[in-house]
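Participant: So the chains spell out like this:
Number of protein chains: 2
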Amino acid sequence: TSVFMSNEALFQFLHSEIIQYVNSAETGESENGRCVSKLENMGFRVGQGLIERFTKDTPRFKDELDVMKFICKDFWTSVFKKQIDNLRTNHQGIYVLQDNKFRLLTQLSAGKQYMEHAPKFLAFTCGLVRGALSNLGVKSIVTAEVSVMPACKFQVMIQKM
Amino acid sequence: TSVFMSNEALFQFLHSEIIQYVNSAETGESENGRCVSKLENMGFRVGQGLIERFTKDTPRFKDELDVMKFICKDFWTSVFKKQIDNLRTNHQGIYVLQDNKFRLLTQLSAGKQYMEHAPKFLAFTCGLVRGALSNLGVKSIVTAEVSVMPACKFQVMIQKM
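Residue numbers (my numbering), protein chains in the order written: chain A, 1 to 161; chain B, 1 to 161.
Among the clues, some could well be false.
Stated by the list, open to error - Simulated DEER-style distance windows between Cβ atoms:
{"#": "1", "chain 1": "B", "residue 1": "G93", "chain 2": "A", "residue 2": "D66", "range": "55 to 65 Å"}
{"#": "2", "chain 1": "A", "residue 1": "E8", "chain 2": "B", "residue 2": "R60", "range": "19 to 29 Å"}
{"#": "3", "chain 1": "B", "residue 1": "K82", "chain 2": "A", "residue 2": "K81", "range": "18 to 28 Å"}
{"#": "4", "chain 1": "B", "residue 1": "E145", "chain 2": "A", "residue 2": "G137", "range": "40 to 50 Å"}
{"#": "5", "chain 1": "A", "residue 1": "I141", "chain 2": "B", "residue 2": "K56", "range": "35 to 45 Å"}
{"#": "6", "chain 1": "B", "residue 1": "G93", "chain 2": "A", "residue 2": "A151", "range": "28 to 38 Å"}
{"#": "7", "chain 1": "B", "residue 1": "D66", "chain 2": "A", "residue 2": "D66", "range": "47 to 57 Å"}
{"#": "8", "chain 1": "B", "residue 1": "K101", "chain 2": "A", "residue 2": "L65", "range": "47 to 57 Å"}
{"#": "9", "chain 1": "B", "residue 1": "N86", "chain 2": "A", "residue 2": "Q159", "range": "49 to 59 Å"}
{"#": "10", "chain 1": "A", "residue 1": "Y114", "chain 2": "B", "residue 2": "E52", "range": "15 to 25 Å"}
Simulated from the structure, these hints should not be mistaken for lab results. Don't be surprised by glycine CBs; every beta carbon is placed ideally from N, CA and C.
Excised from the complex, chain A in its bound form (with noise of 0.2 Å):
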């Protein structure tokens, strides 16, 4: 298991690093939203890639939801080391996935004045849920928000084509 753990920290420590580099290199007018843009991107190809790989054998999904529950469930898994928490929605496109104890936000000390930083730390996660949703045939836009560190909740919004 300690091979195992150290991929995980592995993750944990590279995507601090991206954070790191990506908000010293954007700099300008705009660079905090440019920032939280680059990162999208990458975590946007990075979910492609991954689920590629991931669904490569397995069995077509039935709806929407049966895709959301994949997400939740499996890729989540083999992500972050564990579910999401709490998946909902409004049966309207609207999905909210939950997770109470978000891997990538226990490294963010808690307290309001780190909450600014909060989105950068979320970008990467909005991207990869989007890339992996994407190549599932699924177009949607992903946003998220801190409630009480180091919990918080992705909202996808499904774009109908």
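Got chain A; can you put chain B on it based on the hints?
Facilitator: Below, chain B alone, put in the same frame as chain A:
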């Protein structure tokens, strides 16, 4: 094992995203050198972090060779899912670690025309080794070269303090 596989893929995808991003962000005269050095520095910090978690329960090492063996076996396996294939030393502070199928090069297509990109694909790992060694009290310079893809050699020169 599919979770495990996916985690390995996650690292590979993230690694290539970082290379692409750093490559595009570093513009200027000596952009290639700067890109390599940024990647090396990221690897260094990730290596430091990983080894700290990884050697928490490991008994002290008896000498430098013992440390190098640990890097070649346990550390390499945790990151790259295989051991170093060959470790050689001149017993004067130079170690050559050969990996006959280096994971982060298998993504890069074979062929002479891609050889010029190889340094970018090795820089992060050079830093990773240097960071790991550094946290184990061994100061070093780590360089790498590709022989026939995806085989490569990492040369560690110990800096006596």
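Participant: Against this structure, judge whether each hint is valid.
Facilitator: Each hint, compared with the structure:
1. B:G93 <-> A:D66: 55 to 65 Å: With a Cβ separation near 59 Å, G93 of chain B and D66 of chain A satisfy 55 to 65 Å, so the hint holds.
2. A:E8 <-> B:R60: 19 to 29 Å: holds (25 Å)
3. B:K82 <-> A:K81: 18 to 28 Å: holds (22 Å)
4. B:E145 <-> A:G137: 40 to 50 Å: holds (44 Å)
5. A:I141 <-> B:K56: 35 to 45 Å: Given about 42 Å between the Cβ atoms, the range holds.
6. B:G93 <-> A:A151: 28 to 38 Å: With Cβ atoms ~50 Å apart, the hint is violated.
7. B:D66 <-> A:D66: 47 to 57 Å: holds (52 Å)
8. B:K101 <-> A:L65: 47 to 57 Å: violated (41 Å)
9. B:N86 <-> A:Q159: 49 to 59 Å: holds (52 Å)
10. A:Y114 <-> B:E52: 15 to 25 Å: The hint (15 to 25 Å, Cβ to Cβ) holds, given that Y114 of chain A and E52 of chain B are roughly 22 Å apart.
Consistency with the previously given hints fails for numbers 6 and 8, ordered from lowest to highest.
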